[in-house]
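A.B. asks: So the sequences go chain by chain: A and Y. Numbering of the first sequence is given in this note's numbering, commencing with residue 71 and proceeding in unit increments. Numbering of the second sequence is given in this note's numbering, commencing with residue 162 and proceeding in unit increments.
There could be a bad hint or two in this list.
[To be verified] Here are the simulated SDA-like cross-link-like pairs (lysine to any residue), alpha carbons at most 25 Å apart as the crow flies:
1) A:Lys-84 x Y:Ser-173
2) A:Lys-73 x Y:His-175
3) A:Lys-82 x Y:Gly-178
4) A:Lys-84 x Y:His-175
5) A:Lys-84 x Y:Glu-201
6) A:Lys-73 x Y:Pro-611
7) A:Lys-82 x Y:Leu-609
8) A:Lys-84 x Y:Gln-610
9) Y:Lys-434 x A:Val-121
10) A:Lys-73 x Y:Cys-605
11) Y:Lys-433 x A:Gln-122
12) A:Lys-84 x Y:Leu-616
13) A:Lys-84 x Y:Ser-176
[Said to hold, decoys possible] Partial list, computed: chain A residues near chain Y (C-beta under 8 Å):
14) Ile-80
15) Leu-83
16) Lys-84
17) Ser-85
18) Glu-87
19) Leu-94
20) Glu-97
21) Leu-99
22) Arg-102
23) Ile-118
24) Glu-119
25) Val-121
I should point out that these hints are in silico values taken from the structure, not numbers from a laboratory. Here the structure is a predicted model, which is why all the values come from computation and not from measurement. Where a beta carbon is used, it is the ideal one built from N, C-alpha and C, also for glycine.
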Amino acid sequence: MSKVAAEQLIEKLKSDEEFRNQILAVEDLDERLKLIKTAGFDCRLEEIEAVQAEQVTLTDDELDKVSGGKIIWT
Amino acid sequence: MLWSNYNKFFPSRHSVGGFVYNSLSNSLIELDQEYYNILEQFRSEQNEKPVVNDKEFFRLLREKYVLVEPGEEEEQLRIQHYQRHRLSFSDSVMTLAICPTSLCNFRCPYCFENSQKNGKNMTVETGNRLIEWLGEHKNIKALSVTWYGGEPLLAFDTICCLTEKLRKTGIELSGFGLITNGYLLDEAKISRLNELGISSVQITLDGDRETHDKRRYLAGGKPTFDSILENIAALMNSDYSGVCNVRVNVDKNNSGTYLELRQTLLQRFKGKKLFVYPGRVDTDAGNTYDSANCLSNCEWSDFNLELYQQHSVTADRKFYPEGFTDGLCTANRQNAFVVGPEGELYKCWDDVGRPEMVVGNIYAKETITDKGLCARYSLGVDAYNDTECLACEVLPICGGGCPHKRLLRKFYGGKDGNHCSVYKERLIDYLEAYIDIKRRREICRALLQPGKSDLLCRGYRLLYPQNSLSDNK
Numbered sequence: 071m072s073k074v075a076a077e078q079l080i081e082k083l084k085s086d087e088e089f090r091n092q093i094l095a096v097e098d099l100d101e102r103l104k105l106i107k108t109a110g111f112d113c114r115l116e117e118i119e120a121v122q123a124e125q126v127t128l129t130d131d132e133l134d135k136v137s138g139g140k141i142i143w144t
Numbered sequence: 162m163l164w165s166n167y168n169k170f171f172p173s174r175h176s177v178g179g180f181v182y183n184s185l186s187n188s189l190i191e192l193d194q195e196y197y198n199i200l201e202q203f204r205s206e207q208n209e210k211p212v213v214n215d216k217e218f219f220r221l222l223r224e225k226y227v228l229v230e231p232g233e234e235e236e237q238l239r240i241q242h243y244q245r246h247r248l249s250f251s252d253s254v255m256t257l258a259i260c261p262t263s264l265c266n267f268r269c270p271y272c273f274e275n276s277q278k279n280g281k282n283m284t285v286e287t288g289n290r291l292i293e294w295l296g297e298h299k300n301i302k303a304l305s306v307t308w309y310g311g312e313p314l315l316a317f318d319t320i321c322c323l324t325e326k327l328r329k330t331g332i333e334l335s336g337f338g339l340i341t342n343g344y345l346l347d348e349a350k351i352s353r354l355n356e357l358g359i360s361s362v363q364i365t366l367d368g369d370r371e372t373h374d375k376r377r378y379l380a381g382g383k384p385t386f387d388s389i390l391e392n393i394a395a396l397m398n399s400d401y402s403g404v405c406n407v408r409v410n411v412d413k414n415n416s417g418t419y420l421e422l423r424q425t426l427l428q429r430f431k432g433k434k435l436f437v438y439p440g441r442v443d444t445d446a447g448n449t450y451d452s453a454n455c456l457s458n459c460e461w462s463d464f465n466l467e468l469y470q471q472h473s474v475t476a477d478r479k480f481y482p483e484g485f486t487d488g489l490c491t492a493n494r495q496n497a498f499v500v501g502p503e504g505e506l507y508k509c510w511d512d513v514g515r516p517e518m519v520v521g522n523i524y525a526k527e528t529i530t531d532k533g534l535c536a537r538y539s540l541g542v543d544a545y546n547d548t549e550c551l552a553c554e555v556l557p558i559c560g561g562g563c564p565h566k567r568l569l570r571k572f573y574g575g576k577d578g579n580h581c582s583v584y585k586e587r588l589i590d591y592l593e594a595y596i597d598i599k600r601r602r603e604i605c606r607a608l609l610q611p612g613k614s615d616l617l618c619r620g621y622r623l624l625y626p627q628n629s630l631s632d633n634k
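Just chain A, with the same shape it has in the complex (with noise of 0.2 Å):
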């Protein structure tokens, strides 16, 4: 069970729509993990969230107070 195999997981739903359609056909969280996991991809649901929070970074918002000289239109 590892972050990486949640990242490997994420490229191959990414690049595969056949492995894509076939996963995301299952409903139920659980069985849909197991599958998942059937496809070789041992990971658990919180890896696959820890995938996904680290994607939210600086907002927009965030860098337009700090980036020099730049106007914030309101």
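Based on these hints, arrange chain Y on the given structure of chain A.
C.D. replies: Below, chain Y alone, put in the same frame as chain A:
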């Protein structure tokens, strides 16, 4: 019906189909293979109209200027030019970067400010005059202030005093920010930040301890890294309610240390309102630092795109273009100035300490004393009056890039540098990074919330502006 000169049409890297982006509308449309083929056929054969029975699709292509009538692009550019002028000359908002001092306790080799041999502190009299001067601008409805320098914390008392006086003016204060090197940000000052209304503090680090201390040292040569990090820790452990943005100045000498520093800081201050982002070292303003150390536009793009591709770091907001307001800043806006410690006014943060770049003074009978320089900064470097820029397909999303760099190049014999937008050479790379981020987010969401998939299955969809990344956060 014509295929717009402002289109970028490219296949998907990871799937079938592709994308069409239009810089006039700053819109991005995702297409499945069928719709991609329709546009490909139209583009290559230049038919009168795409062979498509989908009226909505056709309407979308027209609305986003993917397909245009003769003359329509010129008209749209004119409208954007007009809108930029309206924004530039609006007088309801005043934006000031105030230097309570031009003195600095650091001696960074790449510093662009020319004030250290003759640094000055703002006097009480000049502070009072600044308040009076603001009062003379009757149309101002809101004021935004960034404390800048020199090192503004060398004049912390002036910041406190001026804040109190600014509050009494009755002008709506839309925000205070502080740009500091962080060395003097002790607990006593931290405890006053909330009361001063400072909602963001920007502190600069240049890499790990060894790298930083070689580049950002005190006037006497002593290192600064440990003290700054202690102060950041004190800030993050205090009741300060704003955000701390750590800017890491990056050039060829230290770009390799950025990622590790970022990860160390984010790990150490996990759960705190601390953000880390790279800032590009630039020496256009002229100093003894070797400009060969600086990253070119392409190198800067490589640096940011590789951070994302290899490490999923998405700190550069410029993956997706901002739109036609890009390039509007203090330099080309009527009611925006950098205020020097003696009340002198500049149009760019890079100009502080250069007498020849002073455009006005708060003591002058007429604020603007060098109308020629103001005109050069606004109309003189206006990209919509530049034939080279008018022929460029990214003009609608770059506005000509940095006015300061354009000014140096056009009027002061500056070198042909990085004044153009990074999108000129790498637009598709940036769009692909944006698409990848969006796709990852959608997949994560679809994975974690069954039944909520918004991935494209068939047909086409508007990826931006509708359901933009910021909407999805």
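A.B. asks: Each of the hints needs a verdict: does it hold here or not?
C.D. replies: How the hints compare with the structure:
This hinted pair checks out: Lys-84 (chain A) and Ser-173 (chain Y) have alpha carbons roughly 11 Å apart, not beyond 25 Å. Distance hint between Lys-73 (chain A) and His-175 (chain Y) is fulfilled; the C-alpha atoms sit about 22 Å from each other, no more than 25 Å. For the proposed pair Lys-82 (chain A) and Gly-178 (chain Y), the alpha carbon gap of about 18 Å is at most 25 Å, so the pair holds. In summary, the hint linking Lys-84 (chain A) to His-175 (chain Y) is supported, as the alpha carbons are separated by about 7 Å, within the 25 Å threshold.
With a CA separation close to 24 Å, the supplied pair Lys-84 (chain A) and Glu-201 (chain Y) stays within the 25 Å bound. This hinted pair checks out: Lys-73 (chain A) and Pro-611 (chain Y) have alpha carbons roughly 21 Å apart, not beyond 25 Å. This hinted pair checks out: Lys-82 (chain A) and Leu-609 (chain Y) have alpha carbons roughly 16 Å apart, not beyond 25 Å. Under the criterion of a C-alpha separation no larger than 25 Å, the hint pairing Lys-84 (chain A) with Gln-610 (chain Y) is consistent with the structure, at around 17 Å.
The suggested pairing of Lys-434 (chain Y) with Val-121 (chain A) holds, with an alpha-carbon distance near 19 Å, which does not exceed 25 Å. Under the criterion of a C-alpha separation no larger than 25 Å, the hint pairing Lys-73 (chain A) with Cys-605 (chain Y) is consistent with the structure, at around 13 Å. Between the alpha carbons of Lys-433 (chain Y) and Gln-122 (chain A) the distance comes to roughly 18 Å, so the proposed pair stays at or under 25 Å and holds. Taken as a hint, the Lys-84 (chain A) and Leu-616 (chain Y) pair is honoured in the structure, with Cα atoms around 10 Å apart against an allowance of 25 Å.
Under the criterion of a C-alpha separation no larger than 25 Å, the hint pairing Lys-84 (chain A) with Ser-176 (chain Y) is consistent with the structure, at around 8 Å. At about 6 Å, the closest approach between the beta carbon of Ile-80 (chain A) and any beta carbon in chain Y falls short of 8 Å, and the interface hint on this residue holds. Nearest Cβ of chain Y to the Cβ of Leu-83 (chain A): about 5 Å, under the 8 Å cut. The hint holds. Against a cut-off of 8 Å between C-beta atoms, the interface hint on Lys-84 (chain A) holds, since the closest Cβ of chain Y lies about 5 Å away.
The interface hint given for Ser-85 (chain A) holds, since its Cβ lies 4 Å from the closest Cβ of chain Y, which is under the 8 Å cut-off. Satisfaction of the interface hint for Glu-87 (chain A) is found here, the shortest Cβ-Cβ separation to chain Y being roughly 6 Å, below the 8 Å cut-off. Of the supplied interface hints, the one on Leu-94 (chain A) holds, with its beta-carbon coming within about 6 Å of a beta-carbon of chain Y, less than 8 Å. A least Cβ separation of about 5 Å between Glu-97 (chain A) and chain Y falls short of the 8 Å threshold, and the interface hint therefore holds.
The beta carbon of Leu-99 (chain A) is positioned within 8 Å of a beta carbon in chain Y (closest approach about 6 Å), and the interface hint is therefore held. With a least beta-carbon distance of about 7 Å to chain Y, the hint placing Arg-102 (chain A) at the interface is held under the 8 Å criterion. Checking Ile-118 (chain A) against chain Y: minimum C-beta separation of about 6 Å stays under 8 Å; hint holds. With 8 Å as the threshold, the beta carbon of Glu-119 (chain A) comes within range of chain Y, its nearest partner Cβ sitting at about 7 Å, so the hint holds.
The closest approach between the C-beta of Val-121 (chain A) and any C-beta of chain Y is roughly 6 Å, which is under the 8 Å cut-off, so the hint is satisfied.
Checked against the numbered hints above, the structure breaks none of them.
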